[in-house]
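Sequential numbering from 1 applies to the sequence shown in the UniProt record's numbering.
Because the hints were derived from the structure by calculation, they are not lab data.
Since we're looking at a predicted model, the values are computed, not measured.
Careful: at least some of the hints might be erroneous.
Here are the simulated SDA-like cross-link-like pairs (lysine to any residue), alpha carbons at most 25 Å apart as the crow flies [what the hints assert, rightly or not]:
#1 242 x 176
#2 43 x 25
#3 274 x 264
#4 279 x 121
#5 364 x 375
#6 424 x 375
#7 214 x 257
#8 480 x 492
#9 105 x 339
#10 502 x 553
#11 181 x 247
#12 105 x 214
#13 118 x 50
#14 519 x 552
#15 156 x 143
#16 553 x 487
#17 59 x 45
#18 438 x 488
#19 274 x 195
#20 47 x 349
#21 364 x 51
#22 519 x 266
#23 94 x 146
#24 59 x 31
#25 105 x 172
#26 547 x 500
Taking CB as the label site, the calculated pair distances span [to be verified]:
#27 525 x 9: 45 to 51 Å
#28 366 x 459: 42 to 48 Å
#29 54 x 461: 29 to 35 Å
#30 54 x 34: 17 to 23 Å
From the three backbone atoms N, C-alpha and C, an ideal C-beta is built for every residue, glycine too.
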Amino acid sequence: MKILEDLTNNAHELQEQMLEEILRRNAGTEYLSRFFPSGQADKLNFKTNVPIVTYEDTKPYIDRIANGETSSILFADPIIQFIRSSGTSGGQQKLIPITAESFEKGKYHLFLVDIVTKKCFSGPDEGKSLSLYFSKPEIETPSGIVASPYLTFYSKTDIFQSNLAKFCTSPIETILCLDNKQSMFCQLLTGLLQRDEVVQLSSIFASVLARATKFLEDYWRELCCNIRTGYLSDWIIDPGCKNAMSLILTGPNPELADLIQQICEDKSWEGVFKKLWPKIKYISSICTGSMSQYISLLEFYGGGIPLVSPSYVSSEACFGINLQPLSKPFDVSYTFLPNTAYFEFLPVNKDGGGKAQETRTMDKPVDLANVKLGQFYEVVVTTLAGLYRYRVGDVLKVTGFYNKSPQFQFVERQNVVLSIDTEKTTEEDLSKAITNAKLILEPFGIMLTAYSSYSDTSSIPGRYVLFWELKMKGSNDLPKLDAKIMEECCCIVEESFGFTYKALRKGGAISALELRVVKHGSFDELMDFYISKGASITQYKPPCCLKSEDAIKILNSAMVGKLFSPKTMFLSALSEG
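Generate coordinates for the entire structure from the input sequences, incorporating the hints supplied.
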């Protein structure tokens, strides 16, 4: 692929050009000009004078633009609109400016992803993708500038709508429907009606596919009824959905309904995606980072269908793409694209327990060309659209190089998710501990479908609390909770934590870990809660740690059992270590 070869062979030069262009255009803005008092806006002065910042540092300028001041206080190009982040991973919704050029870079990123994927999978042009996309209402800022999630913005563009029918089973009206339930029902219905054309199942994040699978489990009978009779359910009242479905659901199809019913009535849904869509070649969805908790679920329902995590993107910028789509989900690395933004990398030390130490802004960042194999970094981004030396919050590990462009594996968000006393547990720590513990469940046919946690400091000493949603592989039935097995899971989680946790636990400064098992569908209710607070279903990232009391109440109300790590078992394991 000549395009990728040119980009990656010239990574250093393209990064230098990227920074030069950003400074040429934006050095005169109110934000940047104060760092160049002599007027010399070059790389040396940029790195010497411009501070490394977080969203909170940039927010006052973004708020001023949202409230009516010209966007030229932050960047030179006209603003198109604001992109609104989900707020479920970082704890707050952000407004990120987007310009015509930054939109073009996003399109180019998608173009490259498409090229790589099509090269890997023969003949995807022969069919369509069942792509589950959803929209959120736009909000208008006091200045009149619109703010919405990226996919809501993108789905209204001419390029998306003009190409939609060529690659996607879902009519645009079902994607733009603001009622998620009606939208999901109609998109799944069109996907089933066109089952022989579907070669790809996709969503932006894996959480959407998990949600869609649960929806299919709940509504397959009604979907079959619609197909069998040729009539759309009465509760679908969105005018766009009704009109679009009238052109697809044109008459009874009892043969197809019987076939889908036979598949869905099977006691086990292992491999159900392949059975429902027999020509499917792969599942495309970001399943790294916090989405990794859905990998086992999608592998179970996929029954061997490759699970492709195509790219590394955020509301702030497009970072890299997966050049080896057939990599196992936990082995995915992303090759950074040097022409989308200017990247710097703050070194992150890893202690003996594997825990990322907090990165301080006094640490000297390195350029993309100077990262070292095997080292850990927090990514810092500078864009044409007003983000300068902006800490994204993601920790990455350099796993290799493609020509002169580094390849990174996503490690964790640089944030502490659980904390009691001096103990701090990161997202990576928690993910690894739970990955180790759930291995105990697999021989019993039990699947962990979702999890979250919080630090319970309502009593002294405090403890960490885990919420787990479990199901049997052969059904949606809640597994019989064997106390001994679940206690062993608790022990393994605690044994997987770092030295500080173990020492405080042994000394009585932290109480025994508590595991609360919740009923099937509880994490869908949690997602609904965050969506009601403004999160987008398309961008939803399940919080691995709950900060909201209301969110904790939702899962507590769905609790069907709780267990504690047995003190004696844990302490014996600690003394042996």
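We went through each hint and held it up to the structure:
1. 242 x 176: holds, 13 Å
2. 43 x 25: holds, 14 Å
3. 274 x 264: holds, 12 Å
4. 279 x 121: Measuring from Cα to Cα gives roughly 12 Å; hence the hint holds.
5. 364 x 375: Roughly 14 Å between the alpha carbons, so the hint for residue 364 and residue 375 holds.
6. 424 x 375: holds, 22 Å
7. 214 x 257: holds, 19 Å
8. 480 x 492: holds, 20 Å
9. 105 x 339: holds, 8 Å
10. 502 x 553: violated, 28 Å
11. 181 x 247: Since the Cα atoms of residue 181 and residue 247 sit roughly 20 Å apart, the hinted pair holds (cutoff 25 Å).
12. 105 x 214: violated, 35 Å
13. 118 x 50: Answer violated: residue 118 to residue 50 is near 41 Å, above 25 Å.
14. 519 x 552: At roughly 14 Å apart (the allowed maximum being 25 Å), residue 552 and residue 519 satisfy the hint.
15. 156 x 143: Holds - the C-alpha atoms of residue 143 and residue 156 are around 21 Å apart, at most 25 Å.
16. 553 x 487: holds, 23 Å
17. 59 x 45: holds, 23 Å
18. 438 x 488: holds, 10 Å
19. 274 x 195: Between residue 274 and residue 195 the Cα gap is close to 10 Å, so the pair holds against 25 Å.
20. 47 x 349: holds, 22 Å
21. 364 x 51: Cα-Cα ~11 Å, so holds.
22. 519 x 266: holds, 22 Å
23. 94 x 146: Holds: residue 94 and residue 146 sit about 13 Å apart, inside 25 Å.
24. 59 x 31: holds, 12 Å
25. 105 x 172: OK: residue 105 and residue 172 at ~23 Å, within 25 Å.
26. 547 x 500: Between residue 547 and residue 500 the Cα gap is close to 23 Å, so the pair holds against 25 Å.
27. 525 x 9: 45 to 51 Å: The hinted range 45 to 51 Å holds for residue 525 and residue 9, with Cβ atoms some 50 Å apart.
28. 366 x 459: 42 to 48 Å: Once the Cβ atoms are compared, 45 Å apart, the range 42 to 48 Å for residue 459 and residue 366 holds.
29. 54 x 461: 29 to 35 Å: At 32 Å between Cβs, range holds.
30. 54 x 34: 17 to 23 Å: Distance hint for residue 54, residue 34 holds at roughly 18 Å.
Of the numbered hints listed earlier, those contradicted by the structure are 10, 12 and 13.
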